[in-house]
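So the sequences go chain by chain: A and B. Numbering of the first sequence is given in our numbering, commencing with residue 81 and proceeding in unit increments. Numbering of the second sequence is given in our numbering, commencing with residue 81 and proceeding in unit increments.
Check each hint, because a few of them may be wrong.
As the list makes no split between identical chains, a pair holds if one copy fits it or if it spans any two.
Pairs of lysine to any residue residues, derived as SDA-like cross-links and limited to a Cα-Cα distance of at most 20 Å, are as follows [to be verified]: (1) K336 with N378; (2) K336 with A372; (3) K336 with L379; (4) K265 with P218; (5) K265 with D167; (6) K336 with R255; (7) K262 with R282; (8) K336 with L374; (9) K262 with G283; (10) K336 with D371; (11) K336 with I366; (12) K143 with L212; (13) K336 with R282; (14) K336 with N375; (15) K213 with Y192; (16) K143 with D204; (17) K262 with P97; (18) K262 with P171; (19) K156 with E206; (20) K213 with F132; (21) K238 with T183; (22) K262 with D167; (23) K265 with N144; (24) K238 with N356; (25) K156 with I329.
Honestly, the hints are just simulated from the structure, not real lab data.
2 protein chains.
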Amino acid sequence: MSVLVVGSVALDDVETPFGKFHEILGGSASYFSLAANFFTDVKVVAVIGDDFPNNFLEIFETKNIGLTGLRRVSGKTFRWHGKYGYDLGDPETIGTYLNVFETFDPVIPEDYRESSYVFLANIDPELQLNVLKQVINPKLVAMDTMNYWIVNKPKELKEVLARVNVLIINDSETRALANEPKIMKAARAILDMGPGVLIVKRGEYGALLFSEEGIFWAPSYPLEEVIDPTGAGDSFAGAFMGYIAGSGISHSINFKRGVVYGSVIASFTVEDFSVNRLISLKREEIDIRFDAFLNLSNLD
Amino acid sequence: MSVLVVGSVALDDVETPFGKFHEILGGSASYFSLAANFFTDVKVVAVIGDDFPNNFLEIFETKNIGLTGLRRVSGKTFRWHGKYGYDLGDPETIGTYLNVFETFDPVIPEDYRESSYVFLANIDPELQLNVLKQVINPKLVAMDTMNYWIVNKPKELKEVLARVNVLIINDSETRALANEPKIMKAARAILDMGPGVLIVKRGEYGALLFSEEGIFWAPSYPLEEVIDPTGAGDSFAGAFMGYIAGSGISHSINFKRGVVYGSVIASFTVEDFSVNRLISLKREEIDIRFDAFLNLSNLD
Numbered sequence: 081m082s083v084l085v086v087g088s089v090a091l092d093d094v095e096t097p098f099g100k101f102h103e104i105l106g107g108s109a110s111y112f113s114l115a116a117n118f119f120t121d122v123k124v125v126a127v128i129g130d131d132f133p134n135n136f137l138e139i140f141e142t143k144n145i146g147l148t149g150l151r152r153v154s155g156k157t158f159r160w161h162g163k164y165g166y167d168l169g170d171p172e173t174i175g176t177y178l179n180v181f182e183t184f185d186p187v188i189p190e191d192y193r194e195s196s197y198v199f200l201a202n203i204d205p206e207l208q209l210n211v212l213k214q215v216i217n218p219k220l221v222a223m224d225t226m227n228y229w230i231v232n233k234p235k236e237l238k239e240v241l242a243r244v245n246v247l248i249i250n251d252s253e254t255r256a257l258a259n260e261p262k263i264m265k266a267a268r269a270i271l272d273m274g275p276g277v278l279i280v281k282r283g284e285y286g287a288l289l290f291s292e293e294g295i296f297w298a299p300s301y302p303l304e305e306v307i308d309p310t311g312a313g314d315s316f317a318g319a320f321m322g323y324i325a326g327s328g329i330s331h332s333i334n335f336k337r338g339v340v341y342g343s344v345i346a347s348f349t350v351e352d353f354s355v356n357r358l359i360s361l362k363r364e365e366i367d368i369r370f371d372a373f374l375n376l377s378n379l380d
Numbered sequence: 081m082s083v084l085v086v087g088s089v090a091l092d093d094v095e096t097p098f099g100k101f102h103e104i105l106g107g108s109a110s111y112f113s114l115a116a117n118f119f120t121d122v123k124v125v126a127v128i129g130d131d132f133p134n135n136f137l138e139i140f141e142t143k144n145i146g147l148t149g150l151r152r153v154s155g156k157t158f159r160w161h162g163k164y165g166y167d168l169g170d171p172e173t174i175g176t177y178l179n180v181f182e183t184f185d186p187v188i189p190e191d192y193r194e195s196s197y198v199f200l201a202n203i204d205p206e207l208q209l210n211v212l213k214q215v216i217n218p219k220l221v222a223m224d225t226m227n228y229w230i231v232n233k234p235k236e237l238k239e240v241l242a243r244v245n246v247l248i249i250n251d252s253e254t255r256a257l258a259n260e261p262k263i264m265k266a267a268r269a270i271l272d273m274g275p276g277v278l279i280v281k282r283g284e285y286g287a288l289l290f291s292e293e294g295i296f297w298a299p300s301y302p303l304e305e306v307i308d309p310t311g312a313g314d315s316f317a318g319a320f321m322g323y324i325a326g327s328g329i330s331h332s333i334n335f336k337r338g339v340v341y342g343s344v345i346a347s348f349t350v351e352d353f354s355v356n357r358l359i360s361l362k363r364e365e366i367d368i369r370f371d372a373f374l375n376l377s378n379l380d
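Please take these sequences and the hints and turn them into a complete structure.
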C-alpha cells in the first residue's frame with residue numbers, strides 16, 4: 081500500500097561547525113518521501129514556488145515519487161535557515177520564510193483520497209484537519225507537530241489528535257504537549273488524547289514506542305560522524321510509515337520494526353547534508369544496519 | 081567471589097522540588113555496597129567521623145557487608161549538600177565538606193588484599209593508585225571518576241586508567257576525558273588509554289558498553305516517579321560489579337547482563353531518597369524488572 085504525505089518542500093540554508101550549505105533541498109515532505117520510498121510507493125502533497133530548481137524535482141521523479149499533489153505556484157519557495165552548534169543538537173532558527181507556504185491549502189488529488197496510509201507532517205493543525213476531511217477511510221493516520229502549534233493552536237491540535245492513530249514527536253514536544261515533565265506520565269496523558277500509538281524521538285538516545293500493549297525502546301545508532309541533523313525526524317517518520325504501509329498494521333511487531341527502521345534511516349540521513357545520503361543509500365545498507373541495531377541491544 | 085569497594089560514606093543534605101532531606105546516608109561506597117550486595121559479598125574501605133550515626137552502621141551490618149576497612153576517626157563525617165531542579169538532572173552542589181575525608185588514606189585490611197574484584201569509586205586518582213598498590217592480583221578492577229579529576233589531576237588519572245579493566249562514567253565525563261564531543265570517537269580514545277571496557281551511564285537514556293567486541297546498548301527503565309536521583313550511578317556500578325563478581329569474567333554476555341542489572345538497580349535507587357529503596361528491595365523485584373528491561377528492547 082502507498083503512503084500519502086502532506087507537508088513542506090523547502091529550500092534550506094544550513095550552518096554547522098563543519099560546513100555551510102545554501103539553498104539545499106529540505107522540508108518535511110522531502111525527507112519523509114525519500115525515506116518512505118525504500119519501503120513503499122509515496123505520494124506528496126505540498127507547494128513550491130516558481131524558483132524551485134528543476135533538478136530538485138528530478139530527485140523525486142527519478143525515485144518515482146508521486147507528484148500530482150505537488151503544486152507549483154507563483155512566488156518564492158518556503159525557506160528555512162538554521163544553525164547548529166558543536167553538539168549538533170537542536171538548531172537555532174535564523175529565519176523562517178513561509179513565502180508560498182503562507183497560503184498553502186492542501187488539496188488532495190482525487191486519486192490520492194483513498195490512500196490507506198496518511199502522514200500529516202508538521203503543519204498548522206487547521207490544515208491537518210482539512211486533509212483529514214478529504215481522505216476516505218484511511219487505515220492509519222500518523223502526524224507530527226511542534227511546540228509552536230502546542231502553544232498557539234492547542235484547541236485545533238487536540239481536534240487532530242483525537243482523529244489520528246499515531247503521533248510522532250520528540251522528547252520536549254511530548255513534555256510540552258502533556259504539560260508534564262515525566263515522560264511516562266506525559267505519554268499516558270497523550271494516549272488519552274486520542275492516538276493509540278505515541279512515538280517519542282530522542283535523537284542520539286533512540287526512540288520510545290508507547291501503546292496500550294506497553295513500551296518498546298529502540299536504540300539510536302552511535303555514529304562516528306554526524307554532518308547535518310536536519311531531516312532526521314522526518315526521515316524517521318518516513319521510514320516508519322513506509323515500513324508499516326508495506327507490512328500492514330495487523331501485527332504489533334510491525335510497529336516495533338517500523339521504529340527500528342525509522343532509527344536506521346535517520347542514522348543515515350544525518351551522515352550527509354540535505355537529502356544526499358537518502359539519494360545514495362542502497363536497500364542492502366539499510367538491512368545491514370537494521371541487523372546492527374538489533375545486535376546493539378541483543379544480550380546473546 | 082566478593083567485591084572490594086573503596087569510596088566515600090557520607091551524610092547528605094538533598095533538596096528536590098518534591099522534598100528536602102537532612103543528613104541522610106549517602107556516599108559512593110554506601111550505594112555501591114548495598115547494590116552489589118544483592119549479587120555477592122561486599123567489603124567496604126572508607127572513613128567516617130565520630131558523628132556518624134550507629135543506626136546507619138546497622139544498615140550495613142544487617143546486610144552482612146564487610147566493615148573491617150571502615151575506619152571511624154575523630155572529626156566530622158564527609159558531607160554533601162545538593163539540589164535538584166524539576167528535570168531531576170544533574171544536581172547543583174550547594175556544598176561539599178570533606179571533613180575526615182580530607183585526610184583519607186585508604187588502607188586495605190590484610191584479608192581484603194587478595195580481593196578478586198575491586199571497585200575504585202570516585203576519589204582522588206592518587207588514592208586510587210595507592211589502593212592498586214595494595215591489592216594482589218585482582219581479576220577485575222573497575223573505577224569511576226569525575227570532571228574535577230579530569231581537569232585537575234589528568235596525569236595521575238591517566239596512570240590509574242592504564243591499570244584498570246573497566247571505566248564506568250557518565251556522558252559528559254566521557255566527552256571531557258577524551259576531549260571529544262562525539263561519543264563513539266570519545267569511547268575509542270578512552271579504550272586506548274587502558275581500560276578494556278568502558279561503560280557510559282546516560283541517566284534516563286540508558287547505558288552504553290564499549291569493548292573490543294563492539295557496543296551494547298542497555299535501555300533505562302521509563303519510571304513513573306523519580307524521587308531522588310542521588311546514588312543512581314554508584315548503585316549502577318555496584319550492581320554491575322556484584323553481578324560480574326558472582327558470575328565471572330569469562331563470558332562477555334556477563335558484562336552485558338551486568339550493565340542491564342546496573343540499570344535495573346539504578347532504576348530502583350531513584351524511587352526513594354537515600355538508600356531507602358535499596359534497603360527494602362527484594363531479589364524477586366530485581367528479577368521481574370530485569371525481564372521487563374529485556375522486553376523493553378525485544379522485537380518479538
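Going through the hints against the structure:
1. K336 with N378: both (15 Å within a copy, 9 Å between copies)
2. K336 with A372: For K336 and A372, both the intra-copy (15 Å) and inter-copy (16 Å) Cα distances are at most 20 Å.
3. K336 with L379: So K336 and L379 pass the 20 Å test inside a copy (18 Å) and across (6 Å) alike.
4. K265 with P218: Close neither inside one copy (29 Å) nor across copies (45 Å); limit 20 Å.
5. K265 with D167: The answer is between: 14 Å across copies meets 20 Å, while 28 Å in one copy does not.
6. K336 with R255: Result: close neither inside a copy nor across copies, 22 Å intra and 31 Å inter.
7. K262 with R282: both (14 Å within a copy, 16 Å between copies)
8. K336 with L374: both (11 Å within a copy, 14 Å between copies)
9. K262 with G283: Answer is both; intra-copy 18 Å and inter-copy 14 Å each pass.
10. K336 with D371: both (14 Å within a copy, 18 Å between copies)
11. K336 with I366: within (16 Å within a copy, 26 Å between copies)
12. K143 with L212: neither (27 Å within a copy, 61 Å between copies)
13. K336 with R282: Only inside one copy: K336 and R282 sit 16 Å apart there, 23 Å across copies, limit 20 Å.
14. K336 with N375: both (15 Å within a copy, 12 Å between copies)
15. K213 with Y192: Result: close within a single copy only, 13 Å intra versus 74 Å inter.
16. K143 with D204: Neither: 28 Å inside a copy, 59 Å across copies.
17. K262 with P97: Cα proximity of K262 and P97: across copies only (13 Å, versus 33 Å in one copy).
18. K262 with P171: between (24 Å within a copy, 17 Å between copies)
19. K156 with E206: This pair counts as neither: shortest intra-copy Cα distance 23 Å, inter-copy 64 Å.
20. K213 with F132: neither (29 Å within a copy, 69 Å between copies)
21. K238 with T183: neither (23 Å within a copy, 61 Å between copies)
22. K262 with D167: between (24 Å within a copy, 8 Å between copies)
23. K265 with N144: Close neither inside one copy (42 Å) nor across copies (38 Å); limit 20 Å.
24. K238 with N356: neither (35 Å within a copy, 41 Å between copies)
25. K156 with I329: neither (39 Å within a copy, 63 Å between copies)
The structure is inconsistent with the numbered hints 4, 6, 12, 16, 19, 20, 21, 23, 24 and 25, although it conforms to all the rest.
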